[in-house]
Amino acid sequence: MAAETYNRDDLIIRKAGEDDLPALVDFQVKLALHVAGPPAQKLKKKERKRLLEILAAALIDNDKLLVVAELPNAGLVGMAYLYIWRSQGIWEQAGDHVFKSGIIDDIWVEPDFRKLGIFSAMLTQLIAFAEKRGVPELILEYAISNKEADATWKRLGFQVTGVRAAAFTSVVKEKLDAGT
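Residue numbering for the sequence shown follows the numbering used here, starting at 46 and increasing by one per position.
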């Protein structure tokens with residue numbers, strides 16, 4: 046059934062369960078490939094097992110929420126994952142206050158089912174989860190090359206607050222040795 050035949054009333058957003066774990070790993074693989082670009086890669090069996098274990102643990106953690114988007118006759122068409130991160134203030138003036146952030150770890154909607162409100166419906170569930178736990182801010186990370194994600198998150202009010210840089214150790218050593 047084509048995505049265009051669905052309406053928002055057909056959409057089910059629900060907490061993920063154990064039966065959903067294989068599909069969740071598949072979604073994470075698709076997201077990683079989407080970000081990495083060609084050529085296509087195949088996930089190692091031991092990595093699939095590791096991801097299944099991590100996601101299974103998340104299902105029973107009260108500080109984590111995994112939701113799936115489901116449509117009749119199409120099955121699972123998306124996933125979203127948020128976890129609560131806590132940190133102590135480092136300044137004396139902050140007292141013993143614990144700061145909380147909601148880390149949006151992954152959101153994926155199958156390409157054929159985008160622009161149907163699925164992303165927004167899942168994000169709404171993540172926000173409700175965070176607010177219920179007194180979390181005032183959301184944090185996420187995405188590849189700067191992912192123009193679709195960049196535009197979406199900026200449209201929703203997310204602002205760049207830092208930079209995550211990467212380099213191969215061999216390159217850094219070479220530069221250090223060269224005195225640069």
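For the record, the hints were derived by calculation from the structure and aren't laboratory data. Computed from a predicted structure; not experimentally measured. Keep in mind that the hints are not guaranteed to be accurate.
Unchecked claim - Distance condition first, Cα-Cα at most 16 Å in a straight line; then the derived EDC-like pairs of lysine to aspartate or glutamate:
1. K94 <-> D54
2. K109 <-> E176
3. K109 <-> D54
4. K160 <-> E63
5. K75 <-> D157
6. K145 <-> E115
7. K199 <-> E176
8. K160 <-> D54
9. K145 <-> E92
10. K60 <-> E137
11. K75 <-> D151
12. K192 <-> E219
13. K109 <-> D55
14. K75 <-> E92
15. K75 <-> D150
Claimed, not checked - Have a look at the derived ranges for each label pair, beta carbon to beta carbon:
16. A85 <-> Y187: 35 to 45 Å
17. L88 <-> Q133: 34 to 44 Å
18. L88 <-> R200: 37 to 47 Å
19. K160 <-> A77: 33 to 43 Å
20. R59 <-> K220: 45 to 55 Å
21. D141 <-> K90: 19 to 29 Å
22. D55 <-> P156: 10 to 20 Å
All C-beta atoms, glycine included, are put in the ideal place defined by N, C-alpha and C.
Okay, the hints, checked on the actual structure:
As the CA atoms of K94 and D54 are separated by approximately 35 Å, the hinted pair breaks the 16 Å bound. As the CA atoms of K109 and E176 are separated by approximately 13 Å, the hinted pair is consistent with the 16 Å bound. Annotation: proposed proximity of K109 to D54 is violated, straight-line Cα distance about 26 Å (limit 16 Å). Proposed proximity of K160 and E63 is contradicted: the alpha carbons are some 28 Å apart, above 16 Å.
Straight-line distance between C-alpha atoms of K75 and D157 comes to about 13 Å, which keeps the hinted pair within the 16 Å bound. With a CA separation close to 30 Å, the supplied pair K145 and E115 exceeds the 16 Å bound. Between K199 and E176, the direct Cα distance comes to roughly 21 Å. Violation of the 16 Å bound is thereby established for this hinted pair. At most 16 Å may separate the alpha-carbon atoms for a hinted pair to count; K160 and D54 meet this at roughly 15 Å.
At most 16 Å may separate the alpha-carbon atoms for a hinted pair to count; K145 and E92 exceed this at roughly 30 Å. Our distance criterion of 16 Å between C-alpha atoms is broken by K60 and E137, whose separation comes to about 39 Å. Between K75 and D151 the CA atoms are separated by roughly 11 Å; this keeps the pair inside 16 Å, and the hint holds. Under the criterion of a C-alpha separation no larger than 16 Å, the hint pairing K192 with E219 is inconsistent with the structure, at around 32 Å.
Distance restraint check for K109 and D55: the Cα-Cα separation of roughly 26 Å exceeds the 16 Å cut-off, and the hinted pair is therefore not satisfied. Proposed proximity of K75 and E92 is supported: the alpha carbons are some 14 Å apart, at most 16 Å. At roughly 14 Å between alpha-carbon atoms, K75 and D150 fall within 16 Å of each other, so this suggested pair holds. Distance hint check: the CB atoms of A85 and Y187 are about 21 Å apart, inconsistent with the given range 35 to 45 Å.
Against the hinted window of 34 to 44 Å, the Cβ-Cβ separation of L88 and Q133 comes to about 37 Å, which satisfies the hint. Evaluation of the 37 to 47 Å hint for L88 and R200 yields a failure: the beta carbon distance comes to about 31 Å. Range check, K160 to A77: Cβ separation about 22 Å, and the 33 to 43 Å hint is violated. Range check, R59 to K220: about 50 Å between beta-carbon atoms, so the 45 to 55 Å window is met.
Checked against the hint of 19 to 29 Å, the pair D141 and K90 fails, with Cβ atoms roughly 46 Å apart. Look at D55 against P156: about 18 Å separates their beta carbons, and that is inside 10 to 20 Å.
Taken one by one, the earlier hints fail for this structure at numbers 1, 3, 4, 6, 7, 9, 10, 12, 13, 16, 18, 19, 21, listed in ascending order.
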